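A.B. asks: Residue numbers (the working numbering), protein chains in the order written: chain A, 1 to 298; chain B, 1 to 298.
Read the hints as simulated data drawn from the structure, not as lab findings.
Note that the structure is predicted; figures quoted are calculated from it, not measured.
Any given hint might turn out to be false.
[What the hints assert, rightly or not] Which chain A residues stay away from chain B? Per the calculated CB distances, all over 10 Å, these:
no. : residue
1   : 28
2   : 38
3   : 74
4   : 88
5   : 111
6   : 113
7   : 128
8   : 131
9   : 134
10  : 166
[Unchecked claim] Example chain A residues on the side facing chain B (calculated, C-beta under 10 Å, incomplete):
no. : residue
11  : 186
12  : 225
13  : 245
14  : 251
15  : 256
16  : 257
17  : 264
18  : 265
19  : 278
All residues carry an ideal CB built from backbone N, CA and C; glycine is no exception.
Given next are the chains, with one letter for each unit.
Number of protein chains: 2
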Amino acid sequence: MPFQRITILGCGLIGGSFALALKQAGFAGEIVGWGREDALERAQQRGAIDRGVVDLAQAVADADLIYLSTPVGAILELLPQVGQAAKAGALVTDAGSTKVAICAKAKEVLPKNVIFLGGHPLTGKETSGIENADADLFVGAKYVVIKETKEAEEAEEEFGSESVREFLDWLRRVGAEPVVLDAETHDRAVAFTSHLPQLLSTALAAAVADETDRGELPVLLAAGGFRDMVRLASSPYEIWRDICSTNSENISRALERLERRLARLRARLQSPELAEEFEKAQQVCSLLKANDGRRNDG
Amino acid sequence: MPFQRITILGCGLIGGSFALALKQAGFAGEIVGWGREDALERAQQRGAIDRGVVDLAQAVADADLIYLSTPVGAILELLPQVGQAAKAGALVTDAGSTKVAICAKAKEVLPKNVIFLGGHPLTGKETSGIENADADLFVGAKYVVIKETKEAEEAEEEFGSESVREFLDWLRRVGAEPVVLDAETHDRAVAFTSHLPQLLSTALAAAVADETDRGELPVLLAAGGFRDMVRLASSPYEIWRDICSTNSENISRALERLERRLARLRARLQSPELAEEFEKAQQVCSLLKANDGRRNDG
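The shape of chain A in the complex, shown without the other chains (with noise of 0.2 Å):
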């Protein structure tokens, strides 16, 4: 039987923007928001959610989907209760940015008659907030579900329960594209093309904002290049400080090899061997174009 009731925990920009994709992809169920009051409010009122509940037991009991999509701090504190509250053969299902960590705690405080699926869409703004969600968010985007066996490409058709398909199903109707991988090789992957460029903005910007003048130099002769690479530096802290703390290994080595690869390209300003690192480069950049090719070819 498809979903009657989704629940969205966390309305802002991921949540508020999962439930206009849903509405605009054709969900003709009922979607409860939960969070704090005037969030709820807000949502309603772009039409994200159908309605608002703040009591947690109550929003939750008899969702056929439950959408955790709150920062990874608040998923982890809110799944004990979310287990409690869930109708059996429920399927809960985050957006958290981070998988160990929330699948550990799923596994562990779930009951046995609730369905548990990691998930994690790579789309988003530096901006947060149901102000800026948009129907329009997973076009185009991976969305990684997280299959509980260390086995790599993992077939999606092994998932057992016939809710995690429909789920599947929702994902590329909103025009998602499911990627299936383990917990521990998610976080490996996002340390490196997420959480690396997140910090290396926000280095950029609190380098230059160090050397910056009373005469605004050298933010002043600032152009393109430099606003794309202090784009993301704006980004709200509290959803960084908790995928900093539950991806910390991970990043903590992204950001050594990153410094290792800086102090090279220090020693190397003045050699030809510069060369090495700009080919090095360009094998990326590469990569990501022919896979926008094939994207566009269909």
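Dock chain B against the given chain A, drawing on the hints supplied.
C.D. replies: Below, chain B without anything else, positioned relative to chain A:
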């Protein structure tokens, strides 16, 4: 007497765009291009130049304004020949990304009856060549012009020559905003806002390339933030080789600062002090936003 003939040395992205911008802004004189024969043909086909001249002395001979827009290394090599061939009273300017080495060379090799004005348009793309030239490339861009004194914030009125004032007028007509700086201040500032972002982007892409496996992880999970951060990484090495070698001290210092910031971030991944890094970074984002606001207001 206004410029009758302008010669562009190097009709690539910057030189080609400047020629197109001049024509769009109503320049009625002749624009001569110099460079490789095939590049000149394409520049003429695009309508950027009126004719191409392969011989440097001939290309420069009767020009009122000589605009050097090759990579920095070629500017340094061309200046002596330009000095020999330029007519008395000609204005020589350049669009090189570093200014100390170029201004010193110009002072050394140009005859007294030729006026030199170092310049640097703070605009560009990660692509190069006349194919990517754009008559609007300078719209809204800061355009640094070098006043050869160490006192910062020299008033533009102090430029002695009529032709320098005419050049500054053309900069405004193509949409740029002239900013007067000394060469040392310029090179120190762009090390942070232009050269550091480029090398960070290169280092990030290279680090991820090293990490990428046959299944294309982690690149497979790249989202918008990562793409923004590695966009610069596909910039042409030939241009950056010259920039790195002519501004290595400032760049080296900027890289060291950043390496220290990253090490500090790494040490703070699980600490509440991480918030300070995000707050510091936010200062630059707010400053950029305030500057954009002022620009839009008038």
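A.B. asks: Which earlier hints turn out false for this structure, listed by number in ascending order?
C.D. replies: none
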